Amino acid sequence: MMRRLTILCFILTITTVSLVTAQAPSLFVTADRCMACHNGLITAEGEDASIGTAWRSSMMANAARDPYWQAAIRREALVHPTAAAVIQNECGACHMPMHRFQANAEGRQGEVFVHLPLSGATTPEGLRAADGVSCSVCHQISDENLGEPESFTARFGMDTVTGAGQRQVYGPFDVDAGRQSLMQSMSLFLPAKGTHIQSSELCATCHTVITHTLDADGQVVGELPEQVPYL
Amino acid sequence: MIRPSRLHRCESSITLFIAAVSLVPLTLVAAEEPVLDNGRAVYQAACASCHGSSGRGAPPSLLALDTPPPDFTDCDFANREPDSDWMGITYEGGPSRGFSEFMPAFQGALTVEQVQLAVNHIRTFCTDQRWPRGELNLPRPLITNKAFPEDEAVITTLIDAGGLGSILNKFVWEQRFGPRSQWEVVVPFGWLETVDVIEDDGSTRWSSSMGDIAFALKHAFYHNHEKGSIVAIAGEIIFPTGDDELGFGNGTTVFEPFIAWGQILPANFFFQTQLGAELTADKDKAENAAFLRCALGWTTTTGQFGRAWSPMVEVTAGREFASDADIRYSIVPQIQITLNKRQHIMFNIGVREPLNERDVRNSQVVFYLLWDWFDGTLLEGW
Numbered sequence: 001m002m003r004r005l006t007i008l009c010f011i012l013t014i015t016t017v018s019l020v021t022a023q024a025p026s027l028f029v030t031a032d033r034c035m036a037c038h039n040g041l042i043t044a045e046g047e048d049a050s051i052g053t054a055w056r057s058s059m060m061a062n063a064a065r066d067p068y069w070q071a072a073i074r075r076e077a078l079v080h081p082t083a084a085a086v087i088q089n090e091c092g093a094c095h096m097p098m099h100r101f102q103a104n105a106e107g108r109q110g111e112v113f114v115h116l117p118l119s120g121a122t123t124p125e126g127l128r129a130a131d132g133v134s135c136s137v138c139h140q141i142s143d144e145n146l147g148e149p150e151s152f153t154a155r156f157g158m159d160t161v162t163g164a165g166q167r168q169v170y171g172p173f174d175v176d177a178g179r180q181s182l183m184q185s186m187s188l189f190l191p192a193k194g195t196h197i198q199s200s201e202l203c204a205t206c207h208t209v210i211t212h213t214l215d216a217d218g219q220v221v222g223e224l225p226e227q228v229p230y231l
Numbered sequence: 232m233i234r235p236s237r238l239h240r241c242e243s244s245i246t247l248f249i250a251a252v253s254l255v256p257l258t259l260v261a262a263e264e265p266v267l268d269n270g271r272a273v274y275q276a277a278c279a280s281c282h283g284s285s286g287r288g289a290p291p292s293l294l295a296l297d298t299p300p301p302d303f304t305d306c307d308f309a310n311r312e313p314d315s316d317w318m319g320i321t322y323e324g325g326p327s328r329g330f331s332e333f334m335p336a337f338q339g340a341l342t343v344e345q346v347q348l349a350v351n352h353i354r355t356f357c358t359d360q361r362w363p364r365g366e367l368n369l370p371r372p373l374i375t376n377k378a379f380p381e382d383e384a385v386i387t388t389l390i391d392a393g394g395l396g397s398i399l400n401k402f403v404w405e406q407r408f409g410p411r412s413q414w415e416v417v418v419p420f421g422w423l424e425t426v427d428v429i430e431d432d433g434s435t436r437w438s439s440s441m442g443d444i445a446f447a448l449k450h451a452f453y454h455n456h457e458k459g460s461i462v463a464i465a466g467e468i469i470f471p472t473g474d475d476e477l478g479f480g481n482g483t484t485v486f487e488p489f490i491a492w493g494q495i496l497p498a499n500f501f502f503q504t505q506l507g508a509e510l511t512a513d514k515d516k517a518e519n520a521a522f523l524r525c526a527l528g529w530t531t532t533t534g535q536f537g538r539a540w541s542p543m544v545e546v547t548a549g550r551e552f553a554s555d556a557d558i559r560y561s562i563v564p565q566i567q568i569t570l571n572k573r574q575h576i577m578f579n580i581g582v583r584e585p586l587n588e589r590d591v592r593n594s595q596v597v598f599y600l601l602w603d604w605f606d607g608t609l610l611e612g613w
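Note that the protein sequences, when read in sequence, are chains A and B. Under the numbering used here, the first sequence has 208 at position 208, and the numbering climbs by one with no breaks. Under the numbering used here, the second sequence has 432 at position 201, and the numbering climbs by one with no breaks.
Bound conformation, chain B alone:
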C-alpha cells in the first residue's frame, strides 16, 4: 500500500486568508472617495502608490515589479518628453507606447482633464528650470538643424534624381550633456558617378569614399515653455577627411557656426530656422558661405495620443561670399512619421527641389531614419 505523505496542517492559513479578505471591506468602507480636482489629489489617488508621493517611486519591496518606476525628480528623464506622451501612456497604458505592461491604462478611471492635472503635478518634481521641456523638441526637418539638444542617431540619404548619379549619406550621432548642451559627430559617406577621364569615351564610373568628418557642439541658451521658444548656438568643425578630388569633401577645414530657433505655433504648427556661415581655412579650396534654412510644419496624431505625423516644408537659401555668387534657393516638402509605438524611431522623406539655377542643380530625394536612443534600443517599443 502506498500512502502519500501527510501534508502539513494549514488551519492557520485559512485563518490568515479570511483575515486578509475581511480587511478589504474595512479598507474600502472606511476610505472616502477623494475629490480629484487638483493635480496633487489626482496624483496621490492614482499615481503615488507606485510612483511615490515624492515622485521617486515607491519602495520596490512594496511593488514587486521587475521594472522599477522612474524617478520623476530626475530632470534628465522627466523633462525630455512632451505632455502628450505622458498623457498617452497614462491614459492608454504602458503597452500603448511599447513600455511595461505594469503601467495601467487610466482611461475610464480618470478623465483627460484629470490626467492633465496629474501630469502638471509630475512636472513640479523637477525643480531645475535649466532643462528645456519636451514640448520644445520639435520634429526634425531633413536639412534644418534643431535647437533642442538630443540623444539621437540619424542616417540621412540624398539621392540625385537627374544628371550623374549621386548617393550621399550622413550618419549623425548626437548626445546630450548637461541640461542644455549636446555634442555630435557627423560621418558622411557615399557613392558618386563621374565621367571616366581615362577612357575618355563618355563612359562613367562610380566611386565611393568617406566624406569630411565633423564634430559639433550645441547649447540651448534660451528656452521658454510658455512662449514655446527655444534658441541654441552651435559650432561645427568639418575636417578635410574626404577625397575632395572625387567630390567627397572640401579639401580644407571648415568652421560652421550657426544659430537655431524653434517656435511652437498655434494649432499644432511649428516653425524652425537656422542661420549660419561656413568659414573655410583655405579659400582656394572652398569659398566662405552663409546659409538660412527655415521649416514650417504641423503635427497630427492617429487618435488622441497615437502615432505622430508631421508634414513640413523647408526653404533653404545659401550664398557664397564671392561678389558674383547668386543665392541658391531650394524647397523641401517632406513628411516625418513615427515608425513604432514608442515613437523613438522615425522616418522622414521629402524632395529637395531647386528654385533657381535648375540647369546646374538636380532635384534630390532626401530621407532619414532617426533613432532616439535614450528612449530604448532599436528593437524595443514596436
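Bound conformation, chain A alone:
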C-alpha cells in the first residue's frame, strides 16, 4: 500500500512540476538581443549615445557581479543557514532579477550561489542570472502601482502570462509597425509606448528596499528600510 502511495505521490509531483514548468512563459531575454541595435547611436552633435555600452558598464548591468553583494549574501547565508533560501530569493529580486522572477514564475525560489561564479554561465538560466538588471527587466515593468508601497522591494507589475514572442516592452516613444516587427524578430518583444518608463517611480520599485527581519524561527518580526532614496 505504502509503495503504491509513494509511486502515486511521485507521479503527481512530476506531473505538477511539469505542468507548472510548462505553463510559465519565458519572461526575459538577455541584453545581447538588444545591444546590437541600441549601440552605435550618435547624436547630431556627434556624441556617442549608445544605450548598450552605457548600460553594460553600469551598476545595473553588474548587479549580480558585485563582489560586495555576493560576499554579504554569502555571509548572511552562512550565519543563518535556515534562512539561506529566503535570503537568496529576496536579494536575487534586484540583483539577479531575470533569474529570480523566472524561477518564481515556474514555482521555484531564486537561487544565487548555484550561479557563482558568473563567468562560467552557459545555460539560459545562468545567463539570465549573470545579466543583472537587464533591458528586459525594467522595460517590461508595467505602470501598475508605481510610486505605491505595493510596488517597492521589487514588487513591480509585470505580465507573467503572455508567451515569448508576444510580450510587450515599454519605451517612451510610439514605434511604427515596421520597427515593431523588426524588433520583435530579434528581441522577441513587441515595443509599445509607455511613458511610465521615464518616471522615477519605476526606478523606485527596486531602489526602495524594505527588508524583513526574521526571528530565530524564521518568522517576520520587523522591517528595515535599507534603501529609500525615492521616499
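Note that these hints are calculated values from the structure, not bench results. Predicted model only: the values in this text are computed from it and were never measured. Warning: the hint list may mix true and false statements.
[Claimed, not checked] Per label pair, the in silico range of CB-to-CB distance: (1) B/T531 - A/V161: 38 to 46 angstroms; (2) B/P291 - A/Q168: 23 to 31 angstroms; (3) B/G409 - A/T122: 32 to 40 angstroms; (4) A/S200 - B/V266: 36 to 44 angstroms.
Beta carbons: idealized from backbone N, C-alpha and C, even for Gly.
Could you slot chain B onto chain A? The hints should help.
This is chain B only, laid out in the frame that chain A set:
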C-alpha cells in the same frame, strides 16, 4: 533576531539609469529619418550597425553577439549564394533559413526594393571579380555535371526497374579551391544480380563491390552574371579499382575530359549542358566514347523566398567510337527539392528512361541526396 545584510547604496544607479533613459529622446529627436533611395543609404541605416560600414562587421565589443557577423568583403563567402537567399534572410530573418536569431527580419521596416538595394550594395564589398556569383549555381541535375564549382557531398543511387537487379551508388565529394576551381573524388559502390554460372540452373546471386574510383579537377574559365552564363572545363581520371568481371568497373583507366555550360534563362528557367569523351587506356577492355547531356529546368519557391522546387528534364546521348555503334538516348524527368530551411540539403529523384535500344536497356530510378557542406552541418538549418 536576524537582520539581512545592508545592501549597497544605489542612488548613483538611479542617476545613471535616468541619464541613460533621457538620452533616448535626445538621440531620436535629433536624428532625421534618412532617405532610403539607394543601396548605400539603406545599408547604412539598416545593416551597418551590425555589419559595419566596411562590410567586415562591427566590433564584437559593440554587438555582444555570440555569432560574429560575416565578413562581406570575403568573396569566398559573399559570392556563393544568389540574391534571393540574401534577400530572404534579410526580409524574413535569420531563423527563416536556419541561421542566427540575431539576424532580424526587416519585413515591414523595409520594402523588397529597399532590401534589393541593400543587397546590391553588399555585393560591392567583394571587389575580386574572379569569383562567380551564386546565381550561376544552378540546380544539380541527376546526370549532367554542373559548371559551377561547389563544396558538396552527393550520394546518387541508380536502381534498375527491370531485368536483373542492379543498385549502383556513387558518392561524390566536391571541394572548391581558389575563386573558380574545384576538385572532387568519386567513389562508386553497389550491388548487382547476376546469373549463377556455377549452379547453371538459371538461379541468380547478388554480389557487391566498390567501383572505379575517380578523381577530377574542374575550372570555370568563363562566367558572366549579367548574361547568366558560366562555362567550365574539367578532366576526370577513372582508376580501375572496381571488379570488372562482376560488372563494377571498366578494367582499365579512363580519362574523361568534358566541358560544362550553365545558362540562366528568363522566367526562372535554366539550361545546362555537358559535352565530353571517355578515353580508355585499353581498348580491349572498354571502347572510347563521347557523350552529350542537357538539362532544362525551372525553379519556383514556396512563398516569396521560401523552399525551392526545381523540376528538370534531362536528355542524354552517348556513343562508343566503334563504327557500328548506335547513339544511346535517354530522357530523365526529375524534380529537385530542398529538404531543410537553410536549403543546403537537397533531394532529387527522377526516372532515366531509354529512348532507344529498349530491349537491352532498362528504365532506372535515379535519386540523390546532396549536402552543401560549406553552408553548415547535416544537423543545422532544419
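Quick rundown of the hints versus the structure:
| no. | hint | in the structure |
| --- | --- | --- |
| 1 | B/T531 - A/V161: 38 to 46 angstroms | holds, 42 angstroms |
| 2 | B/P291 - A/Q168: 23 to 31 angstroms | holds, 30 angstroms |
| 3 | B/G409 - A/T122: 32 to 40 angstroms | holds, 39 angstroms |
| 4 | A/S200 - B/V266: 36 to 44 angstroms | holds, 38 angstroms |
Checked against the numbered hints given earlier, this structure breaks none of them.
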